[in-house]
Amino acid sequence: MARKNEHYEESLLGRLDRWTQSGESGLDQRMMDDLASPPPPAASLPQKELERRMDRDDRMKHHMLLQEQATYDRIRTWGSVRGSRFFRRAYIVLAVLFCLALIAVLLRATATLPPFGNPDNPMHNDVARRYIEDGMEETGAVNLVAGMILDYRAFDTLGESNVLFTAVCAVLILLRISKEHSDATAMLELEADDRMYEPQDDLILQTMVRLLVPLILLFGIYVILNGHISPGGGFSGGAVMGAGLILYLNAFGFEKAERFFTFRTFQTVSVISLSFYALSKSYSFFTGANHLPSIIQTGIPGKIFSAGLIPYLNIAVGLVVCCTMYALYTLFRKGDL
Amino acid sequence: MSDIIRFLLSALFTLAGLFVTITSVLGVFRFRYALNRIHAAALLDTLGILFMLLGIIIALGFQVASLKAVILVVFLWMTSPVASHLIGRLQLTTDEHLSEHMEIESGDMLEEIKKEG
Chain C
3 MARKNEHYEE SLLGRLDRWT QSGESGLDQR MMDDLASPPP PAASLPQKEL ERRMDRDDRM
63 KHHMLLQEQA TYDRIRTWGS VRGSRFFRRA YIVLAVLFCL ALIAVLLRAT ATLPPFGNPD
123 NPMHNDVARR YIEDGMEETG AVNLVAGMIL DYRAFDTLGE SNVLFTAVCA VLILLRISKE
183 HSDATAMLEL EADDRMYEPQ DDLILQTMVR LLVPLILLFG IYVILNGHIS PGGGFSGGAV
243 MGAGLILYLN AFGFEKAERF FTFRTFQTVS VISLSFYALS KSYSFFTGAN HLPSIIQTGI
303 PGKIFSAGLI PYLNIAVGLV VCCTMYALYT LFRKGDL
Chain U
18 MSDIIRFLLS ALFTLAGLFV TITSVLGVFR FRYALNRIHA AALLDTLGIL FMLLGIIIAL
78 GFQVASLKAV ILVVFLWMTS PVASHLIGRL QLTTDEHLSE HMEIESGDML EEIKKEG
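Just so you know, the protein sequences line up as chains C and U, in that order.
So the first sequence is numbered by our numbering: it starts at 3 and just counts up by one.
So the second sequence is numbered by our numbering: it starts at 18 and just counts up by one.
Take every hint as true, because none was put in to throw you off.
What follows is a list of derived Cβ distance ranges for each label pair:
1) Ala-169/C x Ile-104/U: 23 to 33 Å
2) Tyr-224/C x Ile-104/U: 23 to 33 Å
3) Ser-282/C x His-114/U: 52 to 62 Å
4) Phe-46/U x Phe-278/C: 49 to 59 Å
5) Leu-281/C x His-114/U: 58 to 68 Å
6) Ser-232/C x Glu-117/U: 45 to 55 Å
7) Tyr-224/C x Leu-25/U: 33 to 43 Å
8) Lys-85/U x Asp-136/C: 27 to 37 Å
9) Ser-97/U x Gly-85/C: 53 to 63 Å
10) Val-90/U x Phe-278/C: 34 to 44 Å
Simulated from the structure, these hints should not be mistaken for laboratory data.
Only a predicted model underlies this, so the values are computations on that prediction, with no experimental measurement involved.
The beta carbon of each residue, even a glycine, is placed where N, CA and C say it ideally should be.
Model the full assembly from the supplied sequences, consistent with the hints where possible.
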């Protein structure tokens with residue numbers, strides 16, 4: 003083990019690690035050690051000559067050491083003295099240059115766009131006609147938009163759901179306050195900060211919320227389940243349900259909300275929904291975004307149990323969106339779910 | 018004939034709703050304090066919406082869509098007063114200079130709310 007450790011410290015990776023942690027590589031240290039250690043005595047010379055020479059060598063070495071030290075110091079402090087000024091100026095110049103380049107690229111791209119409404123434009127191709135004419139027959143969804151986003155282009159929607167999930171993960175990394183690493187008083191302070199001015203246990207709000215939240219959740223479920231029949235679908239229905247949960251949280255506080263929605267719930271529901279979606283639709287990545295015939299029958303368009311996989315994918319997307327909305331709200335407010 | 022009457026009724030209600038809306042927006046921008054502004058904004062949420070949707074319901078006649086408009090009115094009348102109430106209560110608990118620009122009848126109620134909140 004010790005030998006392994008020594009080996010690691012000598013290797014390039016180890017030196018890089020030390021450099022990033024302490025700000026200097028082992029190279030300096032070793033150089034210093036070499037300079038500080040006495041040279042091997044030359045035995046054959048007479049004593050006096052030897053002493054004189056050693057004295058001279060010592061003085062030279064000391065001088066060199068001082069010089070090196072000065073160089074090191076200059077290099078080390080360069081970043082904080084002159085370097086920062088240089089970097090600030092360079093940053094401004096580069097930012098302006100980057101913006102100008104971006105403006106030029108965007109203007110150039112806009113100038114070469116085909117005129118709006120021209121029938122020869124590349125967007126007027128067979129795809130749109132195919133979707134409109136055969137979409138209902140092929141996907142079984144009356145709502146053509148649902149047929150497009152969850153059947154023809156389902157792998158795009160997978161990316162969208164993952165974007166939401168990634169956003170909430172980033173917020174989680176940045177804002178989550180871990181309960182294990184902060185003491186009790188800090189937690190109490192946070193709790194007090196959170197609801198210092200907010201009306202607690204407002205009777206009017208609670209009465210209304212008791213009446214409204216079930217209706218809002220029902221409406222969200224209705225929008226999700228009818229996603230393939232009428233306008234709506236996973237994203238909008240999930241947002242409605244998330245808003246209902248947030249309303250409940252605001253009326254009754256975290257204690258009651260945590261009875262049915264904790265961090266574990268969020269983890270389980272999001273991961274299961276996303277995995278289901280990925281498992282059922284990610285084959286499109288390998289088939290070049292081509293549509294494979296589904297094993298599930300499309301059924302009669304207009305019925306709830308029709309359109310193949312679309313209702314189930316809608317449910318998965320809706321659950322992810324609902325959990326994400328709620329998690330974003332609680333993370334920004336309290337730093338925890 | 019009945020069509021003309023229906024159109025006129027619907028136009029009347031819509032115009033009334035428009036008048037209330039304009040009054041409310043003016044009030045929100047002209048009044049100086051949050052509590053006054055709530056009063057103006059609540060006007061739009063209740064009376065303005067009611068007149069507008071009544072105009073729409075009359076124009077549509079007996080339909081599922083007009084039933085939905087009725088449900089919309091009920092929903093908004095249930096929720097927007099609650100929202101106004103919460104904003105007002107928050108203003109009462111957070112504004113330290115409240116008594117400078119308004120008369121507070123009795124201190125007990127305020128103290129009670131402040132202690133709670």
